[in-house]
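All chains should be built: construct the whole structure from the sequences, respecting the hints.
Chain by chain, the residues run as shown.
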Amino acid sequence: MSASVSAFKGRLSALCPAASPPLLRSSHLVRFPPVRFPPVRFPPGEARRSGSHTAANLPPLEGIRVLDLTRVLAGPFATMILGDLGAEVIKVERPGAGDDTRAWGPPFVGSESTYFLSINRNKKSIAVDLKHPKGTQIVQELAAVCDVLVENYIPGKLHQMSLGYEQLSRVNPQIIYCSISGYGQTGPQSQSPGYDSIASAVSGMMHITGPEDGDPVRPGVAMTDLATGLYAHGAIMAALLQRHKTERGVHIDCNLLSSQVSCISHIAANYLNAGKEARRWGTAHESIVPYQGFQTEDGHIVVAAGNDKQFVRVCQVLGLMELTENPEYKTNKLRVQNRKQLLHTLSQRFLQEKTAGWLKKFEGSGVPVGPINSIQEVFSDPQVKHNGLIQEMNHPTAGRITVPGPAVRFNSFLPAGPTPPPLIGQHTVQVLQETLSYSDDIIKMLLESRAVAQNSVS
Amino acid sequence: MRRTGLRCPNQSPIQVCPGRRTGTHHSANLPPLEGIRVLDLTRVLAGPFATMILGDLGAEVIKVERPGAGDDTRAWGPPFVGSESTYFLSINRNKKSIAVDLKHPKGTQIVQELAAVCDVLVENYIPGKLHQMSLGYEQLSRVNPQIIYCSISGYGQTGPQSQSPGYDSIASAVSGMMHITGPEDGDPVRPGVAMTDLATGLYAHGAIMAALLQRHKTERGVHIDCNLLSSQVSCISHIAANYLNAGKEARRWGTAHESIVPYQGFQTEDGHIVVAAGNDKQFVRVCQVLGLMELTENPEYKTNKLRVQNRKQLLHTLSQRFLQEKTAGWLKKFEGSGVPVGPINSIQEVFSDPQVKHNGLIQEMNHPTAGRITVPGPAVRFNSFLPAGPTPPPLIGQHTVQVLQETLSYSDDIIKMLLESRAVAQNSVS
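Those protein sequences? They're chains G and S, same order as listed.
Quick note on numbering: the first sequence equals residues 4 to 461 in this note's numbering.
Quick note on numbering: the second sequence equals residues 6 to 435 in this note's numbering.
Simulated from the structure, these hints should not be mistaken for laboratory data.
These figures come from a predicted structure and were not determined experimentally.
Just so you know, not all the hints are guaranteed correct.
Claimed, not checked - Here are a few chain S residues that face chain G, going by a calculated C-beta distance under 7 Å:
1) Leu35
2) Val148
3) Gly187
4) Val227
5) Ser242
As the list claims (entries may be wrong) - Pair ranges (Cβ atoms, derived):
6) S/Val434 to G/Thr348: 42 to 50 Å
7) S/Lys362 to G/Ala277: 17 to 25 Å
8) G/Glu356 to S/His221: 53 to 61 Å
9) G/Arg403 to S/Glu330: 23 to 31 Å
10) S/Ser414 to G/Lys336: 52 to 60 Å
11) G/Glu331 to S/Ile419: 32 to 40 Å
12) S/Leu413 to G/Glu356: 54 to 62 Å
13) G/Arg403 to S/Asp275: 46 to 54 Å
Here a beta-carbon is modelled for each residue, glycine too, at the ideal position from N, C-alpha and C.
If you want it as C-alpha cells, here you go:
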C-alpha cells in the first residue's frame, strides 16, 4: 500500500474513534437537503478527493481504487458512477489520442469533445503504451494495488498481453476484474466487437421501437451500452461485498447482448411463454387506451390515462364529454378494441392548442401527463435543477463545463468535487509517484522510452 | 450438474446442486448477497426489477403485497400463464410474497417488525405516503439505524414535481428520451420497453450495494433517492452535454448516426440489417460486399466527413441495394469483412440466437400453478458462483405464514388471529 493511502487511513481513523456518538441524528433526516448550486464544498481544482470527507459524509466507495482500462461508453459510464460514489478511478489510455471519444465531435469545448466530458468526471488519466513491455508492467503493478479492474477488450486480448484475469488474479487474488464485451466472454459471438447499435438490433430492442406503421429505430441514446454500464457498476459492488466474506476477487462477465435481452423483460416473457411476437407501438401502449403521445399545436404531450375514471377526466379536459357516452369507449378493453377511431378524435383535438395550454388544463385532473421535452426544455425544468442534474465544474483547458449530474442521491453524503474529466495523461507522473512509488529517475526513463506519456497540464 | 456457465481460461465451471437457495453454497460458490434480507414494498417495474437482481445475487427478498390483487402487474395481460401474467413472471423470480394490509394497524406493525430485522427496504410510494403510515425512513431508522432505505419515485423525494406519480412514458417524455427517439422525419416514439424504469432499477440495485458497502465502515444505514427523471436525464449523457456546453439541440435520427455514414439500419428483402461502418476502410469493404465499387471512386464519398455531407444520395443508393437480398444472405456476405453488422431480430429470432442461449438468457423453472415457465435470465455472470434455483415468481401471499413464523417467530395463535382479522392473507398454495 502506498504511503499516501496509509496516511489517509490514519487520518480517517483519527476522525472516527471507536466510541463515537451516532453519526446522523434522525431528526436531521426528515427530508433530503435541497441541493445547493454549485454543489461543490471545496473550490474546484483544489478539491482533493481523499481527506475531504468527515465520517458523517463518507462516500460509499472511499478508499476503493479502480483501474479503468475501458473506452467509449459502457465502461466509462460505469467507472464514472464508481467515481461519483467516492472511488479513486485511474483511467489508462493509449498515448496520443487516448479514449476514442475524446475526438467524437463537434461539439468540442476547447480540445475536449462534449461526448468525452459527459462521462469522464472524477477520474485520473495516465497515458500508457500497452504494447511496450514497460507499459504492460506498469499496469500489472497497478493491478496489484487496485481493488477493481474494468476492461472492455475483445475477450482474450488482454490475456495475450499478460493482463488477463487469470494472470492478474495470481498477482492479486483479491482483484475484482470486470469484463465488458459485446456478447460475452465465451460463446459463438464472443469475438465480435460490441457496438450499441448492433447489440440493440440483435437483442430485439430495435424491433420493438419505432412508429406503429414504420421502420424500427434505435433509442436516441445508446441505452444498451448504458444499461450494461449500470449492470457492471452494480456487479462490481456486489463483488466488493462478497470479498468481505471470502477475501477473494472474482471475474465478472457483463455484455451488451445479455444486458439488453434481460431488459426486454416482459416482451421476452410474452414470447417465451405464450409465443407472442412483439411489434412496434410508437408512443402508444398495446393494452391501455389512451396512453400515448399526441401532437399539439407546437409540440407533443404524453397522456397516461390508465383507467376508466381517468378517461372520463381526459374527455372533460378536452371538452369532448360525448365520448364518455359512446358505448364503444366505456371500458379500457373496449377502447383498445376501438382505438383507431378514438385516437383519431383525440388527436384532432390535441392539435388545436399548445402544449403549455394543455398542461395547464390537465393540472389537478389526476391524469398523468407530461410534455415531450426538447433537451433545452429538459434543462429548464425546475425539478431537473432541483435534483442536481446540471453539474458545473472548471476544466483546466476547456474552462467552465456542464454535464448531467449523478442520478442517485444519498442522505449520508454530498459528493465532494467533482474533479473535471482529465486531459489525456494528465496524472501519469502523479500516479507513478504516489501509487507505485516510482523514483524520479525511473519515471524519466519511462517517459523517454515512450512507455508512458505525461500531459503538459497536470 | 454442469450448466452453461462462465468459463474463464483454465477455470472449470462450478458444480451446483439445484433446488434450495440457502445452504447449497460452499464458500467457493457464495452468492455476493447471501445473508442479506430485503423488504420489498415496490410494485410494477423499476423496483421489482431491482429487487429481482438482488435476489439473483443471493439476497432473501420478501415482497409485501396488498391482499387480493397484490402487485398490479399480476393482472397485466394477456398473455397469462395460468393465473399469472407473463409480465409479472418476467421480473419477480427469487422472491417470497407476503400479503399484508398496510391500512390495518396490525399490518403496519408487521412491516415495522420486519424492517427491524431486514438489511434493506425498497419502496416506490409517493414521497411522504409511507411516512404517514409510520413506515417512513425517519421512523424505521429509529427502529433499525442500520437499515438501507431505498426510495424509488417519479421525480425525487423533494422538489416541485415530487408528488407526481412516476410513469415511464411520462418520465421518458419529460427527460428528453422521446424527443431523441424516432424516425428522422417523423414523430417521437418511446423505447419499446420501459428503459427509464429499467435504468432506475439498475441505478437502485447499485446504490443499495454501495450503501451496504458503506455500512461496513459506518455501521449505519442510509436513505437513497432514486427516481425516473434523474435516471433518464443522467443517461442522455452526451446528448445533454451537447446542449449544456454548446447549446446544440438534439433531434431524431431513426437508426442512423449523426456523424458517421453509413452507420444505421437498412431494409432488406425480408427484414432489416444494421451496418456500422465506422471508418473509410470499412466503407470500402461495404462497397465490396454490395458490389458497388464505383462508390469508392466517387469523390463525394471518400471520407466520413464527405459521406456525412452527402448522406442522402449515398444512403439512397445503399438502401436500394440492400433491398435486393434477404437478411441472412447479407449476413453471410459480410462474414469476415471486418464490418460490424447484425440483423434487427424479432423476439423469436433473439431467442433462437446461439449466443443468447449460451449466455443463459433463457431461464426455465417450475411454477406451482402455471407449470413450466421461461423468463429472460440474469444479465451478469460471476465466475465465483452459479445461481442456485431460481425460485419461481411467488403467488400472492404464498409465504405469509412462513415469513411470520420463521422471520418474526410469531406463534400459531397470533398468526391465526392475524389471518382472521384480515391484516394478512395466506395463499392456498405455500
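Results for each hint:
1. Leu35: holds (6 Å)
2. Val148: S/Val148 check fails; min Cβ-Cβ to chain G is 10 Å, beyond 7 Å.
3. Gly187: For S/Gly187, the interface hint holds, since the closest Cβ of chain G sits about 6 Å away, which is under 7 Å.
4. Val227: holds (4 Å)
5. Ser242: holds (4 Å)
6. S/Val434 to G/Thr348: 42 to 50 Å: Holds - the Cβ-Cβ distance for S/Val434 and G/Thr348, about 46 Å, lies within 42 to 50 Å.
7. S/Lys362 to G/Ala277: 17 to 25 Å: This hint holds: roughly 20 Å between Cβ atoms.
8. G/Glu356 to S/His221: 53 to 61 Å: At roughly 56 Å between Cβ atoms, S/His221 and G/Glu356 fall inside 53 to 61 Å, so the hint holds.
9. G/Arg403 to S/Glu330: 23 to 31 Å: violated (52 Å)
10. S/Ser414 to G/Lys336: 52 to 60 Å: With Cβ atoms ~46 Å apart, the hint is violated.
11. G/Glu331 to S/Ile419: 32 to 40 Å: violated (52 Å)
12. S/Leu413 to G/Glu356: 54 to 62 Å: holds (55 Å)
13. G/Arg403 to S/Asp275: 46 to 54 Å: The hint (46 to 54 Å, Cβ to Cβ) holds, given that G/Arg403 and S/Asp275 are roughly 52 Å apart.
Against the hints set out earlier in the document, violations occur for numbers 2, 9, 10, 11.
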